[in-house]
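Participant: Sequence:
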Amino acid sequence: MSRVGINPVSIPSGVDVTLADGLLTAKGKNGEQQVRVLDFVDLKIADEKITVTPQNMTKKARQAWGTTRALVANAIQGASEGFIRRLEVNGVGYRAMVQGSTLKLSLGYSHDINYPIPSDVKIAIEGDRGNVIAVSGASKQRVGQIASEIRAFRPPEPYKGKGVKYAEETILRKEGKKK
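Counting along the sequence shown from 1, when you hit position 9 you're at 14 in this note's numbering, and nothing is skipped either side.
Where hints are given, some of them may not hold.
[Claimed, not checked] Straight-line distance between alpha carbons at most 30 Å, and here's what the computed BS3-like set of lysine-lysine pairs gives:
(1) Lys145 to Lys170
(2) Lys170 to Lys127
(3) Lys34 to Lys182
(4) Lys65 to Lys49
(5) Lys165 to Lys183
(6) Lys179 to Lys165
(7) Lys167 to Lys182
(8) Lys34 to Lys54
(9) Lys165 to Lys184
(10) Lys109 to Lys127
(11) Lys54 to Lys64
(12) Lys184 to Lys167
(13) Lys32 to Lys183
(14) Lys64 to Lys49
(15) Lys49 to Lys34
(16) Lys183 to Lys170
(17) Lys167 to Lys109
(18) Lys54 to Lys32
(19) Lys65 to Lys54
(20) Lys145 to Lys167
(21) Lys32 to Lys49
[What the hints assert, rightly or not] DEER-style ranges, computed between Cβ atoms:
(22) Val97 to Thr30: 43 to 51 Å
(23) Asp117 to Ser153: 19 to 27 Å
(24) Ala157 to Gly27: 29 to 37 Å
(25) Glu86 to Leu28: 15 to 23 Å
(26) Asp117 to Leu24: 22 to 30 Å
(27) Lys65 to Leu24: 17 to 25 Å
(28) Gln60 to Gly113: 21 to 29 Å
(29) Asn61 to Tyr164: 47 to 55 Å
(30) Arg178 to Gly113: 42 to 50 Å
(31) Lys182 to Met102: 30 to 38 Å
Just so you know, these hints were derived from the structure itself, not from any lab.
By construction, the Cβ of each residue, glycine as well, lies at the ideal position given by its N, Cα and C atoms.
Model the full structure from these sequences, guided by the hints.
Facilitator: Structure (structure tokens):
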């Protein structure tokens, strides 16, 4: 039994969910999200809830059960509320700015890094020092991918903690050289 798959997904008000030809579509205030439903699972929409059940108890059907339920839940949450991922920029002289449709990063290199902001994702600078980058959008996968690409420009280092890190991430610090 899937521990994730047995829980039904509730549909919040303001979200319209349709299922046609193996494609679940969720429309809400943040746009439209689509999920391809595999042949191994069945979806039932009733009483403002979506229930995912496997067609049989084969290994593939059980694997797809929880995954499909999670993808459906993410699509509905993305259409209604959206997702946000925050990154912190730490280091002397390290800063981030949004100029038009590009994110300009100064991360200690000899040049600034200009990252073009995709049209389906919003990037804003937050924090009292302007050192927090907030990546938000309707697709959990896209928000995580963009945040990962920004973090990859200068991952945090373990000695001083300089670099770009996720806000909820903790950096295991190392002790420096001793005489």
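Participant: Run every hint past the structure and note whether it holds.
Facilitator: Structure-based check of all given hints:
Taken as a hint, the Lys145 and Lys170 pair is honoured in the structure, with Cα atoms around 18 Å apart against an allowance of 30 Å. Proximity of Lys170 to Lys127 is assessed by CA-CA distance (about 18 Å); at most 30 Å being required, the pair is judged to hold. Between Lys34 and Lys182, the direct Cα distance comes to roughly 54 Å. Violation of the 30 Å bound is thereby established for this hinted pair. For the hint pairing Lys65 with Lys49, the CA-to-CA distance comes to about 20 Å; that is within 30 Å, so the pair holds.
Restraint check for Lys165 and Lys183: the C-alpha separation of about 15 Å stays at or below 30 Å, so the hint holds. Restraint check for Lys179 and Lys165: the C-alpha separation of about 8 Å stays at or below 30 Å, so the hint holds. As the CA atoms of Lys167 and Lys182 are separated by approximately 17 Å, the hinted pair is consistent with the 30 Å bound. Between Lys34 and Lys54, the direct Cα distance comes to roughly 19 Å. Compliance with the 30 Å bound is thereby established for this hinted pair.
Distance hint between Lys165 and Lys184 is fulfilled; the C-alpha atoms sit about 18 Å from each other, no more than 30 Å. As the CA atoms of Lys109 and Lys127 are separated by approximately 14 Å, the hinted pair is consistent with the 30 Å bound. Straight-line distance between C-alpha atoms of Lys54 and Lys64 comes to about 26 Å, which keeps the hinted pair within the 30 Å bound. Proposed proximity of Lys184 and Lys167 is supported: the alpha carbons are some 23 Å apart, at most 30 Å.
Between Lys32 and Lys183 the alpha-carbon distance is near 59 Å, which puts this suggested pair outside the 30 Å criterion. Only pairs whose Cα atoms come within 30 Å are accepted, and Lys64 paired with Lys49 is accepted, the gap being roughly 21 Å. As the CA atoms of Lys49 and Lys34 are separated by approximately 23 Å, the hinted pair is consistent with the 30 Å bound. For the given pair, Lys183 sits about 27 Å from Lys170 by alpha-carbon distance, which is consistent with the 30 Å threshold.
Between the alpha carbons of Lys167 and Lys109 the distance comes to roughly 17 Å, so the proposed pair stays at or under 30 Å and holds. Restraint check for Lys54 and Lys32: satisfied, since their Cα atoms lie roughly 15 Å apart, inside the 30 Å limit. Pair hint Lys65 plus Lys54 holds up; C-alpha atoms about 24 Å apart against a cutoff of 30 Å. Distance restraint check for Lys145 and Lys167: the Cα-Cα separation of roughly 27 Å lies within the 30 Å cut-off, and the hinted pair is therefore satisfied.
Taken as a hint, the Lys32 and Lys49 pair is honoured in the structure, with Cα atoms around 17 Å apart against an allowance of 30 Å. Between Val97 and Thr30 the beta carbon distance is about 48 Å. The supplied range of 43 to 51 Å therefore holds. Range check, Asp117 to Ser153: Cβ separation about 20 Å, and the 19 to 27 Å hint holds. Between Ala157 and Gly27, the C-beta spacing of about 35 Å keeps the proposed range 29 to 37 Å intact.
The hinted window of 15 to 23 Å between Glu86 and Leu28 holds, with their beta carbons roughly 22 Å apart. Evaluation of the 22 to 30 Å hint for Asp117 and Leu24 yields a failure: the beta carbon distance comes to about 47 Å. Taking 17 to 25 Å as the suggested C-beta distance range, the pair Lys65 and Leu24 conforms, at roughly 21 Å. About 54 Å separates the C-beta atoms of Gln60 and Gly113, a value inconsistent with the hinted range of 21 to 29 Å.
A hinted range of 47 to 55 Å holds for the C-beta pair Asn61 and Tyr164, which are about 54 Å apart. The hinted range of 42 to 50 Å is not satisfied by Arg178 and Gly113, whose Cβ atoms lie roughly 19 Å apart. Under the hint 30 to 38 Å, the C-beta atoms of Lys182 and Met102, about 35 Å apart, fit the expected range.
When each numbered hint is compared with the structure, violations occur for hints 3, 13, 26, 28, 30.
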